[in-house]
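2 protein chains.
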Amino acid sequence: MTRDVPDSVISEVPAHGDASADLSRFAINQITTRSLSLKEAVETYARHGVGGIGVWTNYADEMGGAAAARVIRDAGLFVPCLCTSQWVNVTGGVALARAIEENRRRIDLAAEIGAATLVMVPGGLAAGEKDLSAARGRVEEALDALLPHARAAGVALGLEPLHPMYAAERSCLNTFAQCLDLVERLGAGTGIVADLYHCWWDPEFPAGLRKAGPERVLTFHLCDWLTPTRDVYQDRGMVGDGVIDIAFYRRLLDAIGYDGPFEIEIFSKFDWWLRDPQEVTRISIERCAPFVAPRGRAP
Amino acid sequence: MTRDVPDSVISEVPAHGDASADLSRFAINQITTRSLSLKEAVETYARHGVGGIGVWTNYADEMGGAAAARVIRDAGLFVPCLCTSQWVNVTGGVALARAIEENRRRIDLAAEIGAATLVMVPGGLAAGEKDLSAARGRVEEALDALLPHARAAGVALGLEPLHPMYAAERSCLNTFAQCLDLVERLGAGTGIVADLYHCWWDPEFPAGLRKAGPERVLTFHLCDWLTPTRDVYQDRGMVGDGVIDIAFYRRLLDAIGYDGPFEIEIFSKFDWWLRDPQEVTRISIERCAPFVAPRGRAP
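Taken in sequence, the protein lines are chains A and B.
The numbering used here numbers the first residue of the first sequence as 1 and each following residue consecutively.
The numbering used here numbers the first residue of the second sequence as 1 and each following residue consecutively.
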């Protein structure tokens, strides 16, 4: 979780409101600046003093794992996670076997670029299927099948509770409690990727974080919920622009002893994806700085 | 829950695929045919042999409570619920007092039109507020304040878990378990309005229904979840067009001894709201008939 950026890069850091902020725990998920290539995103974030980058497989594949690893390492960024596992919206057969194989490849890619966690977004129902419980059972089996490979690679399977509005298609893992149960059953090599956007509404989210404890929260995503929300998929808000009590969660995470990464991740087709990525990076830092300080140094 | 429709009306019943279906437990929520006035909706549903109507306050207010009550009674329809309580997105003061007073009026309106339940959709955060837990606490206090009036009027306060995507604005009651906890704390005169659209994703929904038992489920709403969902508010699916395993829930409700109403409720700005309400009524009956039979007579 330490950064090692050459002085020549540091000296280029533009003003972002608080040049003294310690951003060593802070990562930007590259989807936030989706128009940038992985190389461009790495260079931009590093130039702004950001500690880490959340990487997406398609961007890493575009430049190849080895080159991606080199660029990230040279910039001194940490990689809290690789997004994401392949959706497995099939009930079995060759398609399921292929999806599991592809996920093994993604585990290897995560290991290659130094990502601590592969974010599991496993899909939901198969075509024509209505049995969400069966889909959830399949996901557990698939995770179990992947786990030896993940353990051998030293990459954690990060179960991410996704907002219930994504249950049918993107992921049938929809609450923190559900994911924590799964993590308890699956054991070592698994943990939770917690995301405020997906969990903020859940009356049991705070209790879930307390129960999980710091070692089972692999990384923590920052985002905000806009009112109104204009699109089911791509209208997430910049930190501070929505209704989520982010300071409350930062205090709670401190209280349970969490000192892992904080990662901003925004899908925003109406706003942030239309802006200059340099501006988005700068504002991401400004908005997140109060919430990402090292433990004991939060406001 | 019995119907008493004059033969002259019954004889006008158009074919709806299964003229022999017993629709005595089945209601259509009038928002499903939103272009109809309350009088038109009552006449349409009765003509099609539907047992009941879910009423909205604005439609009832338009014709006045007494006239609404007469029209509904004359048609022999039952009223599973009046929708809805007023949102209370304020932290206190005069605005809160006024909202509670308005909700007392709606309880009286429910009593006047013979609605067994006032559906509580209490709102969420106040303007600028980020403390969802505080909002939930306020809702509990407001429900407690309303309860004596509701008990005196013989109208149940129906807590409806709303989909988490509505937590900020429409309702901070978002899971069945949360509502059941509230019902247990508030006691007599309260119960749950369960809606498949809002709860289908919840891994704990089946267990919640079992725990609640038949007497605490006041009415059960039918709807379907479309993939993709194109709008956060108004893209609910006709029963059968989505991914929800409605037959599973019907079996579960039978197993716990539920024999209350089934009510279709659809918000659909892209499809069903654009169609002829007569066609919507006919198709609603066709699609719901397999799920609304009396106990012991379901398929």
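Simulated from the structure, these hints should not be mistaken for laboratory data.
Honestly, I wouldn't trust all of these hints.
Same chains, same names: a pair is fine if it fits in one copy or spans any two.
Cross-link-like lysine to aspartate or glutamate pairs, in silico, EDC-like; alpha carbons within 16 Å at most [what the hints assert, rightly or not]:
1. K130 x D74
2. K269 x D231
3. K39 x D108
4. K211 x D181
Output the indices of the hints that this structure fails to meet, ascending. The structure breaks hints 1, 3; every other hint is satisfied.
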